[in-house]
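From first to last, the protein sequence lines stand for chains P and G. Quick note on this note's numbering: the first sequence kicks off at 1 and runs consecutively. Quick note on this note's numbering: the second sequence kicks off at 1001 and runs consecutively.
Honestly, the hints are just simulated from the structure, not real lab data. From the three backbone atoms N, C-alpha and C, an ideal C-beta is built for every residue, glycine too. A hint or two may mislead.
Claimed, not checked - A partial selection of chain G residues facing chain P, derived with a Cβ cut-off under 7 Å:
#, residue
1, Glu1176
2, Gly1182
3, Met1183
Stated by the list, open to error - Taking CB as the label site, the calculated pair distances span:
#, chain 1, residue 1, chain 2, residue 2, range
4, G, Ser1101, P, Asp71, 17 to 25 Å
5, G, Ile1111, P, Pro246, 52 to 60 Å
6, P, Pro246, G, Leu1266, 52 to 60 Å
7, G, Ile1111, P, Phe15, 29 to 37 Å
8, G, Ser1100, P, Gly222, 44 to 52 Å
9, G, Thr1110, P, Val217, 41 to 49 Å
10, G, Arg1022, P, Arg237, 55 to 63 Å
11, P, Asp132, G, Leu1265, 32 to 40 Å
Spelled out, the chains give:
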Amino acid sequence: MSTPVVEITGLRKSFGAHEVLKGIDLEIDAGDVVCVIGPSGSGKSTLLRCVNLLEQPTAGTITVLGTEVTDPDVDIDRVRTRVGMVFQQFNLFPHLDVLANCTVAQRKVLHRTAEEATSIAMANLDRVGLADRAHSHPTELSGGQQQRVAIARSLSMDPQLMLFDEPTSALDPELVGDVLTVMRELADSGMTMLVVTHEMAFAREVADRVVFMDDGVVVEQGAPDVVIGAPTHPRTRDFLQRVLDPTHRHPTAD
Amino acid sequence: MTATSTGAPSSGAPARTRMSPRRRARLSRGIQYAILLVALLALVLATDWSRVGTSFFNAGAAKDMLPAFPRAVGNTLTYTLAAFAVGLSLGTVLALMKLSSVRPYRWLATIYIEFFRGVPALLVVISFGFAVPVALGLTIDSFIVKAALALGMVSAAYIAETLRAGIQAVPRGQVEAARSLGMSQARTLATVVIPQAFRIVLPPMTNEFILLTKDTSLIFLLGLTAAQFDLTYIGRDALNSAHGGLTGLFVAGGGYLLITIPLGLLARWLENRTGKARRS
Ligand SMILES: Nc1ncnc2c1ncn2[C@@H]1O[C@H](COP(=O)(O)OP(=O)(O)OP(=O)(O)O)[C@@H](O)[C@H]1O
Ligand SMILES: [Mg+2]
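Here chain P stands alone, though its shape is the one from the complex:
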């Protein structure tokens, strides 16, 4: 495939006077898994949210699946049906059961029949290992299960790109593995994924490319073994040291 799934050039985003993204260039090819890492407040979420226009960029262009979403006249709802998004806080609809969470957008947006939507939803719930919980309410599930339902909800729209914003950060440690397993299988199936994560082991194993962001710019990017394994930039090294060995005292401290 020739054209990239996501093409970001010169992306800037300010909240008032505070510039959060200071010129980002990024391309994601079909089937690629790109993990974004970086310190808190570096603009990772903002970058992700600009891709499906949950945040309106201040400058620059973003093209998603051949549609320029920064065009003021873009039909963003149409683009969003093909771009799944998974949030840190799951954001399942609490007034609907698990199955309805996975069918409501299929029915209302894609106008699928009830039978079709149900069978697609059940297939995706089965994929995340929760077909038996189809009639549970979101509040009856653990955080890890809720996040897997959220993934199934997105997959039920047959997206061609999946965005993940720290999908395991709100989970108890013992529940992280189940969600990562689902994501790994998704990556293996060829899904194009843009993942903001603090799970270095996951990024190292699954990502085709790792992007390190700090203070609104991409500091370095490349193969996981390079960026995580042998970072060249001191800011990357400093960040990884703090993430991988949080209790370690910096030699110059004290």
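Once you have looked at the hints, place chain G with the ligands on chain P.
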């Protein structure tokens, strides 16, 4: 707990020499019951029970009101429902105006809400009955429409604020999840926001309805014909009769409770039913 942590001098004496929280709570409860008992006793002793029978709960006077009673309850309920329909429709429009991105809409809604929340309903009803026909050259023939508009206009101000708060109480993440799935703004409102806001606004909306039920007592100011009497009207009517004292008012009051109490129960039931979806 140690003595130092409770702030007592550190003489080594355990904090237990002071009353434990459990015993303090028990003592507090005991005192509350005692006050209640004394108050009830005082009320019973101070009341002249023979007078109560004749001037407050006079069976004869109550019986005289009986034929008109069902109709009065029915009329009161009709006026309330009609006014609530107006209030809810207008209130929804106002709430959406207040949430609109068009600034003049927000201003208009704010002015309307502040005005009708601040002015006594009595004034609005009187103005509606007398000023509007003169000023606008508009005469509304249907009494129900007139009453519904006058009371609904006031109620809409409160309902608008309740709805706005309810809509804004739905977490942002819900809207973002819906929009990410490709739902339009309107679709998100209808499918995700309003169903969740409904549960949030149910208790304040019940209050709104109950206040409205009682506000229908003002519509006599619009001039009732014989068939249009409401509960307050028959209550006042009974007051003017020779016997029974205040009995008429108590019967009318009972009529209002007949409407509001089942409504309160219904609201509680609905709340529990929809609430199950949220709690584990
Ligand atoms: N809606 C907003 N309004 C104002 N400032 C915002 C908004 N959203 C984000 N910011 C600011 O932008 C900066 C970057 O935020 P962002 O959420 O993108 O960081 P992040 O890299 O995802 O951090 P974390 O790892 O903590 O999630 C932060 O300083 C944040 O305060
Ligand atoms: Mg973030």
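Against the structure, the hints:
Checking G/Glu1176 against chain P by beta carbon gives a least distance of about 6 Å; that is within 7 Å, so the hint holds. At a threshold of 7 Å, the smallest CB-CB gap from G/Gly1182 to chain P is about 4 Å, leaving the interface hint in force. Given hint, G/Met1183 at the interface with chain P, holds; its Cβ is 6 Å from that chain's nearest Cβ, closer than 7 Å. Distance hint for G/Ser1101 and P/Asp71: a CB-CB separation of about 20 Å, consistent with the stated range 17 to 25 Å.
In this structure the supplied range 52 to 60 Å holds for G/Ile1111 paired with P/Pro246, their Cβ-Cβ distance being about 55 Å. Under the hint 52 to 60 Å, the C-beta atoms of P/Pro246 and G/Leu1266, about 55 Å apart, fit the expected range. Separation of G/Ile1111 from P/Phe15 is about 31 Å and conforms to the stated range, judged on CB atoms against 29 to 37 Å. The hinted window of 44 to 52 Å between G/Ser1100 and P/Gly222 holds, with their beta carbons roughly 48 Å apart.
In this structure, G/Thr1110 and P/Val217 meet the distance hint of 41 to 49 Å, their C-beta atoms being roughly 43 Å apart. Against the hinted window of 55 to 63 Å, the Cβ-Cβ separation of G/Arg1022 and P/Arg237 comes to about 57 Å, which satisfies the hint. Look at P/Asp132 against G/Leu1265: about 37 Å separates their beta carbons, and that is inside 32 to 40 Å.
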